[in-house]
Amino acid sequence: MQHDGGDPVTHARTAEKPLERMAVKIAPATFDSYLGRYELAPGFLLEVKRDGESKMPGKRM
1 MQHDGGDPVT HARTAEKPLE RMAVKIAPAT FDSYLGRYEL APGFLLEVKR
51 DGESKMPGKR M
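In the working numbering, the protein residues as written are 1 to 61.
Calculated from the structure, these hints are not laboratory results.
You may find that some hints are simply not true.
What the hints assert, rightly or not - Just the calculated beta-carbon pair ranges, DEER-fashion:
#, residue 1, residue 2, range
1, 52, 10, 41 to 51 Å
2, 49, 14, 31 to 41 Å
3, 47, 26, 12 to 22 Å
4, 50, 12, 39 to 49 Å
5, 51, 21, 13 to 23 Å
6, 13, 35, 37 to 47 Å
No residue lacks a Cβ here, since even glycine has one placed at the ideal position from N, Cα and C.
Using the sequences and the accompanying hints, generate a full structural model.
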């Protein structure tokens with residue numbers, strides 16, 4: 001695999017399965033502290049917002 005015009009990068013293939021994801025409950029006030037806009041890279045924004053009881057990540061450019 002070529003990454004951004006740099007040297008090729010190789011990764012070993014493995015038979016290991018990824019860990020299973022588990023849902024956890026988070027207090028609404030705790031999750032509300034994550035609401036807002038985050039700049040992940042210059043010009044690439046991620047916005048976390050509330051839609052009723054659901055929290056929705058969405059990217060903005």
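These are the hints, each one checked on the structure:
{"no.": "1", "hint": "52 to 10: 41 to 51 Å", "in the structure": "holds, 45 Å"}
{"no.": "2", "hint": "49 to 14: 31 to 41 Å", "in the structure": "holds, 37 Å"}
{"no.": "3", "hint": "47 to 26: 12 to 22 Å", "in the structure": "holds, 19 Å"}
{"no.": "4", "hint": "50 to 12: 39 to 49 Å", "in the structure": "holds, 41 Å"}
{"no.": "5", "hint": "51 to 21: 13 to 23 Å", "in the structure": "holds, 22 Å"}
{"no.": "6", "hint": "13 to 35: 37 to 47 Å", "in the structure": "holds, 39 Å"}
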